[in-house]
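Undergrad: From first to last, the protein sequence lines stand for chains E and A.
Be aware that the first sequence starts at 8, since it is given in this note's numbering, and climbs by one per residue.
Be aware that the second sequence starts at 9, since it is given in this note's numbering, and climbs by one per residue.
Hints are computed from structural coordinates only; laboratory data are not their basis.
No experiment lies behind these values; they were computed from the predicted model shown.
It cannot be assumed that every hint is accurate.
[What the hints assert, rightly or not] The list that follows gives simulated cross-link-like pairs (lysine-lysine, DSS-like), each with its CA atoms no further than 30 Å apart:
(1) E:K146 / A:K30
(2) A:K289 / A:K181
(3) E:K159 / E:K187
(4) E:K34 / A:K110
(5) E:K208 / E:K159
(6) E:K185 / A:K30
(7) A:K320 / A:K98
(8) A:K320 / A:K30
(9) E:K143 / A:K320
(10) A:K38 / A:K181
(11) A:K133 / A:K110
(12) A:K181 / A:K445
(13) A:K30 / E:K159
(14) A:K98 / E:K39
(15) A:K30 / A:K445
(16) E:K24 / E:K39
(17) A:K273 / A:K320
(18) E:K187 / E:K143
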Amino acid sequence: MEPQSATTTDIPLGHGKRLAVRISGIKKQFGKGEQAVEALRGVTWDVAAQEVAMLVGPSGCGKTTLISVVAGILNADQGTVSIFGESITSMSDRAKTRYRALNVGFVFQQYNLLPALTAAENAAVPLLIQGVPRLKAVKAASELLGQLGLGKRTHSRPNQLSGGQQQRVAIARALIHKPKILVCDEPTAALDHETGMIVMKLIRELAVSDDRAVIVVTHDNRIFPLGDRVAHMDDGHIESIVDGSGRPIPATIEIP
Amino acid sequence: MLPAKPELFSNFGEIVGWIAIKMLTGDRAKFIGIVFGLAFASALIMQQGSIFWGLMLRTCAQIYDLRGADLWVMDPSVQFIDDVKPMLEKQLGLVRGVDGIKWAVPLYKGIARAKLSFIDKSTGKRVDVTEQVILIGLDDNSLVGEPASMFTGDIEDLHRPNSIIVDRVGLRKLFPRQGLNLIDSPGQFKSTLAALTRRKQASPMSEPNSDKDLEPIGLGTASQNSPVLFEMEMNEHRAEVVGVCDASRTFQSNAVIYTTFSRAKEFVPRERKLLSYVLVKVMPGQNPLDVARRIREQSGLSALTTDQFVEKTINYYLRYTGIPINFMTTVILGFIVGTAIAGQMFYSFTLENIRQFGALKAMGVGNLRIVGMVLLQAALVGFLGYGLGVGGATLFGMANRGQNSELAFYTHRYLLLLDAGATIIICTLASLLSVLKVILLEPAIVFRG
Ligand SMILES: Nc1ncnc2c1ncn2[C@@H]1O[C@H](COP(=O)(O)OP(=O)(O)OP(=O)(O)O)[C@@H](O)[C@H]1O
Ligand SMILES: [Mg+2]
Numbered sequence: 008m009e010p011q012s013a014t015t016t017d018i019p020l021g022h023g024k025r026l027a028v029r030i031s032g033i034k035k036q037f038g039k040g041e042q043a044v045e046a047l048r049g050v051t052w053d054v055a056a057q058e059v060a061m062l063v064g065p066s067g068c069g070k071t072t073l074i075s076v077v078a079g080i081l082n083a084d085q086g087t088v089s090i091f092g093e094s095i096t097s098m099s100d101r102a103k104t105r106y107r108a109l110n111v112g113f114v115f116q117q118y119n120l121l122p123a124l125t126a127a128e129n130a131a132v133p134l135l136i137q138g139v140p141r142l143k144a145v146k147a148a149s150e151l152l153g154q155l156g157l158g159k160r161t162h163s164r165p166n167q168l169s170g171g172q173q174q175r176v177a178i179a180r181a182l183i184h185k186p187k188i189l190v191c192d193e194p195t196a197a198l199d200h201e202t203g204m205i206v207m208k209l210i211r212e213l214a215v216s217d218d219r220a221v222i223v224v225t226h227d228n229r230i231f232p233l234g235d236r237v238a239h240m241d242d243g244h245i246e247s248i249v250d251g252s253g254r255p256i257p258a259t260i261e262i263p
Numbered sequence: 009m010l011p012a013k014p015e016l017f018s019n020f021g022e023i024v025g026w027i028a029i030k031m032l033t034g035d036r037a038k039f040i041g042i043v044f045g046l047a048f049a050s051a052l053i054m055q056q057g058s059i060f061w062g063l064m065l066r067t068c069a070q071i072y073d074l075r076g077a078d079l080w081v082m083d084p085s086v087q088f089i090d091d092v093k094p095m096l097e098k099q100l101g102l103v104r105g106v107d108g109i110k111w112a113v114p115l116y117k118g119i120a121r122a123k124l125s126f127i128d129k130s131t132g133k134r135v136d137v138t139e140q141v142i143l144i145g146l147d148d149n150s151l152v153g154e155p156a157s158m159f160t161g162d163i164e165d166l167h168r169p170n171s172i173i174v175d176r177v178g179l180r181k182l183f184p185r186q187g188l189n190l191i192d193s194p195g196q197f198k199s200t201l202a203a204l205t206r207r208k209q210a211s212p213m214s215e216p217n218s219d220k221d222l223e224p225i226g227l228g229t230a231s232q233n234s235p236v237l238f239e240m241e242m243n244e245h246r247a248e249v250v251g252v253c254d255a256s257r258t259f260q261s262n263a264v265i266y267t268t269f270s271r272a273k274e275f276v277p278r279e280r281k282l283l284s285y286v287l288v289k290v291m292p293g294q295n296p297l298d299v300a301r302r303i304r305e306q307s308g309l310s311a312l313t314t315d316q317f318v319e320k321t322i323n324y325y326l327r328y329t330g331i332p333i334n335f336m337t338t339v340i341l342g343f344i345v346g347t348a349i350a351g352q353m354f355y356s357f358t359l360e361n362i363r364q365f366g367a368l369k370a371m372g373v374g375n376l377r378i379v380g381m382v383l384l385q386a387a388l389v390g391f392l393g394y395g396l397g398v399g400g401a402t403l404f405g406m407a408n409r410g411q412n413s414e415l416a417f418y419t420h421r422y423l424l425l426l427d428a429g430a431t432i433i434i435c436t437l438a439s440l441l442s443v444l445k446v447i448l449l450e451p452a453i454v455f456r457g
């Protein structure tokens, strides 16, 4: 299947899912002249709400670069990204910063928690950034940690938690402010398989919602079945898109 | 619970303040290191500055100590208080003839050699020791220029023959083995003096003293009214200590000996010119500056108010001695070392936390707030370092302070400001690299391994 040619077609969402993220023609080059690396060579891809979209592919194919553009922390050279109809590629840097604070959740491979803060305080950071008073924010974060099975560890610092626990704190932090888009880069890569499955299942359970897009970058083919839509990337392109059972589906979604 | 309303971005302080401080203090070792680096620089600047200022004040103390006069009249080539250029005594008459003068009195100020005699208790032989002293001769009648405070004895005793008054530190310097402990309270000091008196009155002076090597010969001459009992010789004239005063410490830290003008002339070798200064009081209602101008015009001498003379003296030291340069060098070194240490440590602190800054940036903390965090961290360590440094330097100064101390230490309030300014500059320089680093930081680094 040629994803580049598949514009809008026959296989729509089927289950009445909304279009969440529309990525079209994104190009990104790093460096100049002979050193130049074309990380993204025109990526077009639609992500629906209420499902987990996975981005897989060999190392260096551009996955991280793509989600950085989608999350608004990296400027693309060409193309557009819109999230629930709002074009983020046309925003100023300031507007993007504000957009991220309100609408984007991040989960990183290396957790990136603040070591000086407790689990609950870490999870509360996005609310603090938005201006929620500290006590209120930490209380909300503690409740969410409870849902993630960390009710007893809210006062622990990151270095007192296992990798899986830290990643669960990171998930709480990514969801506490109810973002419109959650981007996860290799969330299970630093975890053993079992813990990774637990983390992925928690993401599915807690993050999937009809007003949110969830994009998970992964190498880990054992978790592919937990994706509703798996995009295979290679050399700056989306090569193919399959559903959770491996059936090809088009790169774009028809808007009803 | 969803508070994601844009107008709620108002609490700048929550994220900037609270998280920044948590981050900073979370790394205890580094935090303490930076604070101590800054405290060191701040203390060094403070301490050196205070000592320098203290020395300057000490130099000028002799001017301030002489109260009661409005003007100092001197040879026009005098540059500072110790730069005595003696005048002929007939100049006193010239000054007295100037309009608007209530009184004009002579002052001798110079160096004399005091010969002190002791009995060596082990050999029983007489030992002579010569010490340089600062000799001040006050007008015989009025005693204008008397020490600001008498420790024991009465200034009027200077009217008695052979009498002199020595400052307390000087007395200990001249008679080091008499157990006159300067850390003692005035009461203790006085009772030591009294005990010495009693012992000498009870027994002949040659009696061996078990705990002292050298016994001053003059002990035992004290009268009822003045308990002081030391004597010496200057220019082959006997001088008896009849009182102890508290003189401000001088730059040279020699003993200061007060006596009358005419006796002072006997205590030094005969010279044609022995008038060091003329002290002048102007008539009520007269402007001292006008009188000073008239003195200059009529006598050709220089006439300065106390403040002018202090200024002249300080200017001289600033301009013509290496002392300020030495102190400045230390201060500048402290500044540079402080900047280097604190800057290095602060920058490495920022680098260590760069991923945290990156994550915060990705999560929507803008450059303004990120820079605010770094500056707040710098300000906090600066504030603590300054406080500790100033506190430390002050404690050092207090521990070594007092009239009696050899250490000149005076913390002028401008010095506090100067030190604060220096600390602010150090912190600004130290955080500059860090600020640049976080401004240029790409939030996309958070996805990199
Ligand atoms: N900041 C950068 N400067 C220069 N080149 C970069 C930069 N970021 C990425 N690249 C290059 O762009 C290409 C895509 O990188 P990217 O990190 O997106 O790959 P990836 O698919 O996430 O790989 P991995 O699975 O190893 O994480 C790579 O060739 C990489 O070297
Ligand atoms: Mg990657």
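Undergrad: Each of the hints needs a verdict: does it hold here or not?
TA: Comparing the hints with the structure gives:
{"no.": "1", "hint": "E:K146 / A:K30", "result": "holds, 19 Å"}
{"no.": "2", "hint": "A:K289 / A:K181", "result": "violated, 34 Å"}
{"no.": "3", "hint": "E:K159 / E:K187", "result": "holds, 29 Å"}
{"no.": "4", "hint": "E:K34 / A:K110", "result": "violated, 96 Å"}
{"no.": "5", "hint": "E:K208 / E:K159", "result": "holds, 20 Å"}
{"no.": "6", "hint": "E:K185 / A:K30", "result": "holds, 25 Å"}
{"no.": "7", "hint": "A:K320 / A:K98", "result": "holds, 26 Å"}
{"no.": "8", "hint": "A:K320 / A:K30", "result": "violated, 53 Å"}
{"no.": "9", "hint": "E:K143 / A:K320", "result": "violated, 66 Å"}
{"no.": "10", "hint": "A:K38 / A:K181", "result": "violated, 48 Å"}
{"no.": "11", "hint": "A:K133 / A:K110", "result": "violated, 54 Å"}
{"no.": "12", "hint": "A:K181 / A:K445", "result": "violated, 60 Å"}
{"no.": "13", "hint": "A:K30 / E:K159", "result": "holds, 22 Å"}
{"no.": "14", "hint": "A:K98 / E:K39", "result": "violated, 93 Å"}
{"no.": "15", "hint": "A:K30 / A:K445", "result": "holds, 20 Å"}
{"no.": "16", "hint": "E:K24 / E:K39", "result": "violated, 41 Å"}
{"no.": "17", "hint": "A:K273 / A:K320", "result": "holds, 27 Å"}
{"no.": "18", "hint": "E:K187 / E:K143", "result": "holds, 22 Å"}
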